[in-house]
Structure formats: C-alpha cells, structure tokens
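With the first letter of the sequence shown counted as 1, position 12 gets the number 32 in our numbering; the numbers rise by one all the way through.
Don't read these hints as lab results, they were simulated from the structure.
Among these hints, one or two may not hold up.
[As the list claims (entries may be wrong)] Across the chosen pairs, the derived CB separations fall in these ranges:
{"id": "1", "residue 1": "Cys182", "residue 2": "Lys207", "range": "39 to 47 Å"}
{"id": "2", "residue 1": "Leu187", "residue 2": "Gln83", "range": "23 to 31 Å"}
{"id": "3", "residue 1": "Ser31", "residue 2": "Leu110", "range": "20 to 28 Å"}
[As the list claims (entries may be wrong)] Pairs of lysine-lysine, DSS-like flavour, derived with a Cα cap of 25 Å:
{"id": "4", "residue 1": "Lys76", "residue 2": "Lys26"}
{"id": "5", "residue 1": "Lys181", "residue 2": "Lys214"}
{"id": "6", "residue 1": "Lys207", "residue 2": "Lys80"}
{"id": "7", "residue 1": "Lys58", "residue 2": "Lys207"}
{"id": "8", "residue 1": "Lys199", "residue 2": "Lys125"}
{"id": "9", "residue 1": "Lys207", "residue 2": "Lys26"}
{"id": "10", "residue 1": "Lys41", "residue 2": "Lys181"}
{"id": "11", "residue 1": "Lys41", "residue 2": "Lys58"}
{"id": "12", "residue 1": "Lys76", "residue 2": "Lys183"}
{"id": "13", "residue 1": "Lys58", "residue 2": "Lys125"}
{"id": "14", "residue 1": "Lys41", "residue 2": "Lys183"}
{"id": "15", "residue 1": "Lys58", "residue 2": "Lys199"}
{"id": "16", "residue 1": "Lys183", "residue 2": "Lys214"}
{"id": "17", "residue 1": "Lys80", "residue 2": "Lys181"}
{"id": "18", "residue 1": "Lys76", "residue 2": "Lys207"}
{"id": "19", "residue 1": "Lys214", "residue 2": "Lys80"}
{"id": "20", "residue 1": "Lys26", "residue 2": "Lys183"}
Beta carbons: idealized from backbone N, C-alpha and C, even for Gly.
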Amino acid sequence: SPVLDKPMTYSNIRFNGSLFKPDIYRQPPSAEVDQAWKDLGLNLRPQIVEESRAEKAGIKPNQAKRLSSQGGGYFVEVEAIHHLHCLNVLRQNVWFNADYYRERKMGVWANTEPVVRLHVGHCVNILRQQLMCTADTSLFGQMWVNSTALRTFADFSTRHKCKNFDLVREWAIEHQSRKTDVAEYHKGDLVIDKYP
Numbered sequence: 021s022p023v024l025d026k027p028m029t030y031s032n033i034r035f036n037g038s039l040f041k042p043d044i045y046r047q048p049p050s051a052e053v054d055q056a057w058k059d060l061g062l063n064l065r066p067q068i069v070e071e072s073r074a075e076k077a078g079i080k081p082n083q084a085k086r087l088s089s090q091g092g093g094y095f096v097e098v099e100a101i102h103h104l105h106c107l108n109v110l111r112q113n114v115w116f117n118a119d120y121y122r123e124r125k126m127g128v129w130a131n132t133e134p135v136v137r138l139h140v141g142h143c144v145n146i147l148r149q150q151l152m153c154t155a156d157t158s159l160f161g162q163m164w165v166n167s168t169a170l171r172t173f174a175d176f177s178t179r180h181k182c183k184n185f186d187l188v189r190e191w192a193i194e195h196q197s198r199k200t201d202v203a204e205y206h207k208g209d210l211v212i213d214k215y216p
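Please model the entire structure based on the sequences and the hints provided.
Shown next as structure tokens:
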C-alpha cells in the first residue's frame, strides 16, 4: 500500500479494557466526544493515489479517476479510517446514544431510517469481516476480584504491538483530494447498475 511509503513504526501499547476507566471515545454523546472521533480522520475527503501506483495498491484500472486537468490519479480511501468510521456509526446507533443523533440529524441520521439501517448493517458486516481476517490471537488472563465475593474476572487491558496510527492518518491527510476535485469517466471504466 502507498500508505506505507514511510517506514511503519510500532509501539507496545496496553489497551484500556477497563469497564470503569473511561476515555473520551466511550463517553455519552457531546460535541467534545464527536470532535475526538472526527480527529481520528473520519471527516477526510477521499485520498488520491497516482495512476502509476494504483495496480500495486490493488486499485483496478477501470475504477474512478480524478480529472486529468486536476492531476489525475485514483480516488481511494484508507480502510483503517473507514473501519473507524463504521465503529463510530455503531457507537452513534447503540440504544443509549441513538436518540441524541436521531434528534439532531447527525451522522448517518442525516438520512432516512431505511438508509440508516443499511449503513449500520454494512458497518457491522465490514467490521465482522475485518476482525475475522485479522483475528487477534492474543490471550487475556483472569484476575482475582474481591468486591462482593472472591471471583475471577478477565484482564482486558492487555499489551499489543500496534502500528503507528498517526502515520496512517498523516498519509491520508497529505493525500486527501481537494473539495474541487472531480471524477472523470473514461471509456471502459466499470459502471454498475445499482449500489453493491
């Protein structure tokens, strides 16, 4: 992937798997929470990949390209950012958050309910496939807890070797299309009759 033009760095990170130690991403809906999610790159426009690099990146020659007069290249999106978008869609639609977004017509709720259902279903399935594809085989142990009675409880705050997401987001920002960029149809481009 061209996203890896820069050497990828990794960090050992302990996940916050606590039920009781919150972070901004799991707080009740608010402008601050929404901004934290947006700051992950969820509002970026599609990126542009040069035509010479498209095939190596898995982009088919018959997919949408930018106008030649605007520099050409293919419109693409980074899958990790799309996965975070989908996770955010699920967060906005869990029963205790949905009213907030529905009433304000924010996020996917700017659409009709049938479209929301399609979008949420798409996100559930894409995240399922991603989790199964990259199946994390790490193990978490059990700890003793003596809150009301001595019992075991899973230690979800495990250590992981993680890609530097900031590098991925920086690439997406640096290669983001302009608001004025337009797709140009070329004879032989793939055209389908309905959304897949």
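A quick look at each hint next to the structure:
no.	hint	result
1	Cys182 to Lys207: 39 to 47 Å	44 Å, holds
2	Leu187 to Gln83: 23 to 31 Å	25 Å, holds
3	Ser31 to Leu110: 20 to 28 Å	26 Å, holds
4	Lys76 to Lys26	16 Å, holds
5	Lys181 to Lys214	41 Å, violated
6	Lys207 to Lys80	14 Å, holds
7	Lys58 to Lys207	37 Å, violated
8	Lys199 to Lys125	23 Å, holds
9	Lys207 to Lys26	34 Å, violated
10	Lys41 to Lys181	22 Å, holds
11	Lys41 to Lys58	22 Å, holds
12	Lys76 to Lys183	21 Å, holds
13	Lys58 to Lys125	17 Å, holds
14	Lys41 to Lys183	24 Å, holds
15	Lys58 to Lys199	18 Å, holds
16	Lys183 to Lys214	36 Å, violated
17	Lys80 to Lys181	32 Å, violated
18	Lys76 to Lys207	22 Å, holds
19	Lys214 to Lys80	19 Å, holds
20	Lys26 to Lys183	12 Å, holds
The structure fails hints 5, 7, 9, 16, 17 (numbered hints given earlier, in ascending order).
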